[in-house]
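Visitor: Below are the chains, spelled out letter by letter.
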Amino acid sequence: MNEYQGHLHFVANNTLTLDKGPSAVVETLPNPADQLGHKHPPVAQPSWKEIAPKLESPEVKLRIADMLSRYPQAQGALLEVLWIAQEALGWVPREAIRWAAGVCGCSPAHAFGVATFYTMYKHAPTGRFLLQFCRNISCHVMGAPDVIGYTEKTLNIKTGGTTPDGLFTLVQVECLGACGNGPVMLVNDEFATDVENGKLTLKPGVGLTPERIDKILKWCYAREAEFKVEPSRDALGGVVNGHKGHSGAPGASAKSQVADYAPPCPILGVKAVASEAGVTLTWKGAPEFTQIAVERLEGSSWKSIGAPGLKDKEFIDATGKAGSEYRMIATSGARVAKPSAVAKAIEKAG
Amino acid sequence: MAETVKVCTGNFGKGAQDIAVYRKLGGYANISSRLFDLSQFETIDIVQRSGLRGRGGAGFPTGMKWSFVPRGTGKPVYIVVNADEGEGGTFKDHRLMLEDPHRLIEGLIIAAWALGARSAYIYVRGEFLPSIETLNKALNEAYAEHLLGENIGGTAFSFDIFVHRGAGAYICGEETALINSLEGQKGQPRLKPPFPAVNGAWQLPTCVNNVETLMALPWIFEHSPEAYAAMGTPRSNGTKVFCVSGNVKKPGVYEAPLGIPLMEMLTSSEYAGGIEGTLKGVVPGGSSTPVLLPSECEKAILDYESLAALKTMLGSGAIIAFNEKCDVVQLLGVLGNFYTHESCGQCTPCREGTGFANRVMHALLRGEGHDGDLELLLSIADQYNGTTICPLAPALGMPITAFISKYRSEFEAYIAKNPNHASPRVNATIRPGAFW
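Top line first, the protein sequences correspond to chains A and B. In this text, residue positions in the first sequence follow my numbering: the first is 1, and each later residue adds one. In this text, residue positions in the second sequence follow my numbering: the first is 351, and each later residue adds one.
In short, the hints are calculated from the structure, not lab data. Heads up, some of the hints might be wrong.
Output of the computed footprint for chain B on chain A, the stretches with three or more beta carbons under 8 Å from beta carbons of chain B [stated by the list, open to error]:
#1 42 to 54
#2 91 to 98
#3 162 to 168
#4 273 to 287
#5 293 to 303
#6 314 to 325
Cβ pair distances, simulated, as ranges [as the list claims (entries may be wrong)]:
#7 A:164 / B:736: 46 to 54 Å
#8 B:362 / A:41: 39 to 47 Å
#9 A:108 / B:677: 44 to 52 Å
#10 B:585 / A:276: 50 to 58 Å
#11 B:408 / A:108: 32 to 40 Å
#12 A:338 / B:373: 31 to 39 Å
These figures come from a predicted structure and were not determined experimentally. Note that CB positions come from ideal geometry on N, CA and C, so glycine has one too.
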C-alpha cells in the first residue's frame, strides 16, 4: 500500500485542510456535511498495480467502450466510468480517478473535481451494507430523527461510523425521492422500508419504523450468512443492446461533432403515380428535414424540377408521364442526405 | 362524480413495465398509427393546443419551449429528460419510471419527432438505480421491437435513447447544471442566456423536459389536445401528478385535474385520506415553496395561478403537510442544512449565504438566539434574490421568509430561551451543530 495521508474528500466549503493529515487542519467550522457523516479520516490509497486487474478486465473494457459510444465527447462518460470503477472496487481510490480521467480524455484535476463534487462516489471503503437515511423535510416530519436515533443505538455507532465487524456504515443523506415512504432509507442501492418474502421492499405508503429497521437489519445478517461477498450489482442498471451509439461519438468520428455529425437520413418511401394531371409524388417525411428537392431524370442527368414545402404531403409534376424517373434529396441545414431511391412513375391503377 | 382521467398514472399496478402488457393497454398506438403522418409543425402545434405546461416546477408551456429550438441550423438537437428528482417532498418521477417506463419512451419518441432529435438522454439521479434498471429493460424491449434505432416504422426517422446515471447532487435538477453533469463536469449551473434551447449540451440546441411532461404526451396524441385542455382550469390545463407526504393518512402519488382544492387532495378518501392530528401548515410545491397556514389551505386551489395569488407556488406538486407536533423552527433548520449542503459553491451569495443563514438558525435551535436574529435572517433571505446564477439560494430564502412571517411567535420563543438574548450577538457564537 502506498501510504497517502492527505484529505481527498473535500466535502465542505469552510473546512481548510493541508496535505499532511488531520494534525494540519488549520480551521474547521462544523458544517452540514459533518452531520451527514460523509466526512472520513484519510485512508491509505492503493497503488495502480493493485487495482489495475479489476479495471483492465475485458468486461470492464467492453462496458467502457459502450459508454464512450453514447456521447459526442468522451468526457460525457466520466460519471459513468467513475460508476464502473466504484462497482469494480467498492469505492474510487485516487488511482481509479486518474484512470477514469485517462479513459475520458480529461485532466486528472478535472476528474478529481467531478469525483468529489458528487456525494455518491465513495472516497473510502464503507461497510458491506451502506445504510443511507433520508433526513429531508418530509422524512423529518414523518419521524426520521427517531428512526435514525434508533438505528444508531441498535448498531451502537454514530452517523458516519462503521460497525467493528465491517457490516454496516450509517450515513444521512438529503431527499431520496421516496417521500411517500417516509422515513425511508437505502440499503446499498436498494430502497427499503420493509422486508417481505426475503426481499427488501418499498411498498407505497409504508415507512420505516423501529420494528421494520429490526427486520431489515435481520435481512442483512441473513444475507451475510448466505454470501461471503456482497453480490455485485451493475452500477449502470444493465446493458442496453440495439443502439449503435451516438452518431457523433468519439469512436465514430474525429474531433468536431458538428461537422462530422451524420448526414440526415435519405427520404424513404418515394412513390410516383402518373395520371391525367401529371405525375404525383408522395413520400415519408422526417422532422429533421429543412428542405426537400425533387429531381427528374432527363437523358442521363438529373434535373431539379421543384422544392416542395415541409408541410406538403405530395408534389405534382404536371409535365411528367408514366415511366419518368424521380428521386428526392433532403437537406438539414448544411447537411445533405443521400438521394432517395429512384421511383419510376407508374400508371394509376383503374 | 365522474372518474378522474389518469393521463400519466393510468397504468399503475398493471404490470406495464412489460412491453406486451403496455401494448395491450393501448401503448405505442401513436407510434404505429398517427405520429409519422404528422409533420414536425403539426406535432408541436398539437402540444401547444393542449396547453401542457412543464411539470418539473417552473410550469413553462411545453409547446412554446419546443418552438424555441432553432431549426435548419444543421446542428443536431438533443432531448434531455430531467429525472433528477431531488426537491424535498417530490417522488412522482420515481414512481412513474418504476411503474410505466414505456410511456416515457413513447413520449420521448413523440418529442424527438417534433424536434428532429437523433439522440436523447434520460438523466436519472444516482439514487434511483431500481428505476434505471427498469428503464434499461424497457429500452431493450423497445429496441427489440424496433421502436428505437434506425428508420423507425419504415420512415427516415432514427432515434436513440441513452440513460445517464447521476451521482448525487440536488443542483443537477437545474437544467443547465444537469447539462453540465451530462457533459461530465461538476453540476454547476450556467449563466442564462444563452438558453439550452440554443446552446445546451455540447453547445448544441437542447430541450430539457421533466419526466411527467413527456409522459403526458402519449395521452394527448391518442385522444386530442382539446380533450386535454378541457381538463383543469382555463390557464392550467390538464392533470397533474401530486405527491402527498408528511402527516397524512395515505401518503402517495395521486393524479388529479389542476384546479382541485388543496383540502380535497389532503382529506378526500380518493387521495391522501385525511390529516393525522391537527393541521399546522402545508408546503404546497416542494421544500422550496413558501408554506401555507391552515386558514390559507382552505382557500388554496391547486393550479399555477391560484397558488401564485397566495404568494406560493405549485412547483413540482409535492404537498407536504405537517401537524401540531411538528416544530417549525427545526423544520426550517432541516431546510437550512439541505440547501447549505447542496449549494454548488459557484456564487458567493449562495455558497456563503446559505451557510450563514443556517448557522443563525442553528444558533436559535441551540438556545443561543439573540434579538434581531429574525430580522437578520429575513435580510439574508432578501439578499439571495437576483444575486445568483440559479434559484438555489432563493429557494432557501422563500421558506425562511414564509416560515418566519407565519410562525413568528415560535421563533421568538426560541430566542427567549437564551437568557442573554438582549445582548448583542458575537460572531463566534454563530456556529452550526446537530440539534437532534
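Visitor: Counting residues of the stretch 162 to 168 of chain A whose CB is closer than 8 Å to a CB in chain B, do you get three or more?
Guide: It is violated, with 0 qualifying residues against the three required.
Visitor: Against the range 32 to 40 Å, how does the distance between the Cβ atoms of residue 408 (chain B) and residue 108 (chain A) compare: consistent or not?
Guide: 37 Å, holds
Visitor: If you count the residues of the stretch 42 to 54 of chain A with a beta-carbon closer than 8 Å to a beta-carbon of chain B, do you get 3 or more?
Guide: violated (count 0)
Visitor: Does the Cβ pair residue 338 (chain A), residue 373 (chain B) satisfy 31 to 39 Å?
Guide: 34 Å, holds
Visitor: Do three or more residues from the stretch 91 to 98 of chain A put their C-beta atoms closer than 8 Å to C-beta atoms of chain B?
Guide: violated (count 0)
Visitor: Does the Cβ distance between residue 585 (chain B) and residue 276 (chain A) fall inside 50 to 58 Å?
Guide: Cβ of residue 585 (chain B) to Cβ of residue 276 (chain A): about 53 Å, so the range 50 to 58 Å holds.
Visitor: Verify the coverage statement for the stretch 293 to 303 of chain A against chain B, using a C-beta to C-beta distance below 8 Å and requiring 3 or more qualifying residues.
Guide: Our answer is that it is violated, as 0 residues pass the Cβ test (under 8 Å) against chain B, missing three.
Visitor: Are 3 or more residues of the stretch 273 to 287 of chain A near chain B, judged by a Cβ distance of less than 8 Å?
Guide: holds (count 4)
Visitor: How does the stretch 314 to 325 of chain A fare against chain B when you require at least three residues with a CB closer than 8 Å, holds or violated?
Guide: violated (count 0)
Visitor: Note whether the CB distance of residue 108 (chain A) and residue 677 (chain B) lies within 44 to 52 Å or breaks it.
Guide: Because 46 Å falls inside the window, the suggested range holds.
Visitor: Given the range 39 to 47 Å, decide if the beta-carbon distance of residue 362 (chain B) to residue 41 (chain A) lies inside it.
Guide: 46 Å, holds
Visitor: Against the range 46 to 54 Å, how does the distance between the Cβ atoms of residue 164 (chain A) and residue 736 (chain B) compare: consistent or not?
Guide: Once the Cβ atoms are compared, 51 Å apart, the range 46 to 54 Å for residue 736 (chain B) and residue 164 (chain A) holds.
Hint compliance for this structure: hints 1, 2, 3, 5, 6 are broken, all remaining hints hold.
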